[in-house]
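Go ahead and model the full structure; you've got the sequences and the hints to work with.
In the order they appear, the protein sequences are chains L and U.
Read the first sequence against the numbering used here and you will find it ends at 350, with the numbers running on by one and no gaps.
Read the second sequence against the numbering used here and you will find it ends at 350, with the numbers running on by one and no gaps.
I should point out that these hints are in silico values taken from the structure, not numbers from a laboratory.
A portion of the hints provided could be inaccurate.
Treat identical chains as interchangeable: a pair holds within one or across any two.
Unchecked claim - In silico DSBU-like links for lysine-lysine, alpha-carbon gap of 30 Å or less:
| no. | residue 1 | residue 2 |
| --- | --- | --- |
| 1 | 248 | 152 |
| 2 | 38 | 289 |
| 3 | 38 | 348 |
| 4 | 248 | 40 |
| 5 | 283 | 38 |
| 6 | 283 | 273 |
| 7 | 289 | 273 |
| 8 | 40 | 289 |
| 9 | 283 | 40 |
| 10 | 283 | 248 |
| 11 | 348 | 40 |
| 12 | 54 | 40 |
| 13 | 38 | 152 |
| 14 | 289 | 248 |
| 15 | 283 | 348 |
| 16 | 269 | 348 |
| 17 | 273 | 348 |
| 18 | 152 | 348 |
| 19 | 54 | 273 |
| 20 | 54 | 38 |
| 21 | 40 | 152 |
Predicted model, so just to flag it, every value in this text is computed and none were measured.
Listed below, chain by chain, are the residues.
There are 2 protein chains.
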Amino acid sequence: MLSRLALLGFGNVGRALARLLLRKESELKAKYDLTFRVTGIATGKHGAAIDPDGLDLENALALVEGGGSLSALTRIPVTGPLDFIRLVPADVLFENSPVNVDTGQPAIDHLRAALERGMHAITANKGPVVHAYRELTALAQAKGRKFYFESTVMDGAPIFSLFRSALPAAQLTSFRGILNSTTNLILGRMEAGSTFDDAVHYCQEIGLAETDPSGDVDGWDASIKVAALVTVLMGIPFKPRQVDRTGIRGITAEMVSEAKTQGKRWKLVCSAEKNGNEVKGRVAPELVSPSSTLYSVEGSSSIVEFHTDTLSSLAIVEGNPGPETTAYGLLADFINAVKNR
Amino acid sequence: MLSRLALLGFGNVGRALARLLLRKESELKAKYDLTFRVTGIATGKHGAAIDPDGLDLENALALVEGGGSLSALTRIPVTGPLDFIRLVPADVLFENSPVNVDTGQPAIDHLRAALERGMHAITANKGPVVHAYRELTALAQAKGRKFYFESTVMDGAPIFSLFRSALPAAQLTSFRGILNSTTNLILGRMEAGSTFDDAVHYCQEIGLAETDPSGDVDGWDASIKVAALVTVLMGIPFKPRQVDRTGIRGITAEMVSEAKTQGKRWKLVCSAEKNGNEVKGRVAPELVSPSSTLYSVEGSSSIVEFHTDTLSSLAIVEGNPGPETTAYGLLADFINAVKNR
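Have a look at this one:
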């Protein structure tokens, strides 16, 4: 089966996806009889290109990485993202435009437009999950398509697809984990002797933290992930602002070193618990000891421990993620969307 | 859709499955439009019963737990397991007869007979996976049915279904974990001050270890699980005897207490690594420190850490399993078998 793919957003993640598609092309054909053609790529700063016969991905990668514009390759003039979605002949849209977690826009509009046109809508963007999960899922269902977003929490690690396919009839009652890499890395650097400010600066240098680090250090990113997990896996709409949230600004170098003396570690712990239709979500620093599975989760690694009515405890730990890991989540969503039709 | 279920084996696991089916009946109907009827139950010591209109599960449970025989309930005379499979009108066979890990028999014959008759074949029995994975999988495929066995490794935790459905196009290159609960519990008891013999005796008392504990303490059970994971997930037939195997008999109380002083723990570590078409499998005690995800895995909990070509590291940790957990794996296999037709 041939799938025509459209890539909206061609930054680190979009380009990692393009490389992964090239690397997995023959495997997808052999294993799933799945072939693909990339019919469109739209970028923020490097133009957009549509070619119904398929774009040369290697060429597109070289062009954008060399600072050029894709518009030179297009066979159809494109004026913006929504115009791109309206014009591109595609079966799947990968939405990787910049994240706005307060509104989920413009990603929600992009995903809605793609579903309306009968495409599967796949994103690594948390905003639409927190702000429009029910709407987009209902629209996808009405159109016989999928709205998938595996890469929004714990990169490419299978979290949503685990409950969707590998854990049927398991009711999630609570979870607990480390879901924000930046704060986990900051706390690790502080254990190694860094000050808080130096550790933040380091995370900014390696591209993990934003210029304004408050999204991470004040626990907002972690709260968004808690909200996404509650909304999707517990089936109860939940907003980041409903999370009882404490960041890591109150954790001093002294506290970290005192914990170390006791053989413990500070971790920014995300958790939620469901009672009937009520959910309590929480993000707060906690002292953890080596007997906890959270203790060994270092650097940008992450963990979530699920408690369900059927398996008392099941944890997923992801080590050393990167743009390739996020790209793999997008690829997995694509395969699962077209396979399960 | 109505599924007719046959249960071969009605010990702790079979009865836990019966209770779980009763508990999940309305959820399966609501969530998957899946209804079922148990048309047959065959036991080792409590007779067998077939009723095409469906047996009363509560009644069957009470009868067997009260020491009675199911034969009183049957509408068709049954002389043995193969006769049972030949006669029972069913769409799914749950095979939970006693394990023989050297030959996989008689479970292999049971599963083959069920598949030949057009049933899905589901088992918690490791023997058939190690001794007849390819044959039974090919037969299932030829018949348009499924041979599933999620509960054979790490109880009901999703391991096989993870790769089957939640991790498409991920190539497993190596894994490492703690897969035998008895030895993990023995080492934990030794850390708390028990002698090896007392710890073994304790595991026998709580029903975790056999009268002859060598299957666990000499690393055979762990080797069987390594062989099952290699065979299924790496696609290379691998026998328990091919595993480089060292049990825990060489671990003395002194070694355990010395490790404790260093802040470390002895664990019976299972691992395998694939290079091209060659696989090295190993089971051996290793010293692990708190920075390892294996360190916090206590008692009868288990862990496996996968390394793939797409996700550098993904670990699954299962806490506090029991017969209910194994039963959940069987239920999940049933749902996935009939859903994915």
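Now for the hints, and whether the structure bears them out:
no.: 1; hint: 248 / 152; result: within (26 Å within a copy, 48 Å between copies)
no.: 2; hint: 38 / 289; result: between (45 Å within a copy, 29 Å between copies)
no.: 3; hint: 38 / 348; result: both (12 Å within a copy, 24 Å between copies)
no.: 4; hint: 248 / 40; result: between (39 Å within a copy, 25 Å between copies)
no.: 5; hint: 283 / 38; result: between (42 Å within a copy, 23 Å between copies)
no.: 6; hint: 283 / 273; result: within (28 Å within a copy, 36 Å between copies)
no.: 7; hint: 289 / 273; result: within (26 Å within a copy, 36 Å between copies)
no.: 8; hint: 40 / 289; result: between (43 Å within a copy, 25 Å between copies)
no.: 9; hint: 283 / 40; result: between (40 Å within a copy, 19 Å between copies)
no.: 10; hint: 283 / 248; result: within (15 Å within a copy, 44 Å between copies)
no.: 11; hint: 348 / 40; result: both (11 Å within a copy, 21 Å between copies)
no.: 12; hint: 54 / 40; result: neither (36 Å within a copy, 45 Å between copies)
no.: 13; hint: 38 / 152; result: both (26 Å within a copy, 24 Å between copies)
no.: 14; hint: 289 / 248; result: within (11 Å within a copy, 48 Å between copies)
no.: 15; hint: 283 / 348; result: between (33 Å within a copy, 28 Å between copies)
no.: 16; hint: 269 / 348; result: neither (49 Å within a copy, 50 Å between copies)
no.: 17; hint: 273 / 348; result: neither (45 Å within a copy, 46 Å between copies)
no.: 18; hint: 152 / 348; result: both (16 Å within a copy, 21 Å between copies)
no.: 19; hint: 54 / 273; result: neither (46 Å within a copy, 52 Å between copies)
no.: 20; hint: 54 / 38; result: neither (33 Å within a copy, 51 Å between copies)
no.: 21; hint: 40 / 152; result: both (27 Å within a copy, 20 Å between copies)
In the structure shown, a violation is registered for the earlier hints numbered 12, 16, 17, 19 and 20, in ascending order.
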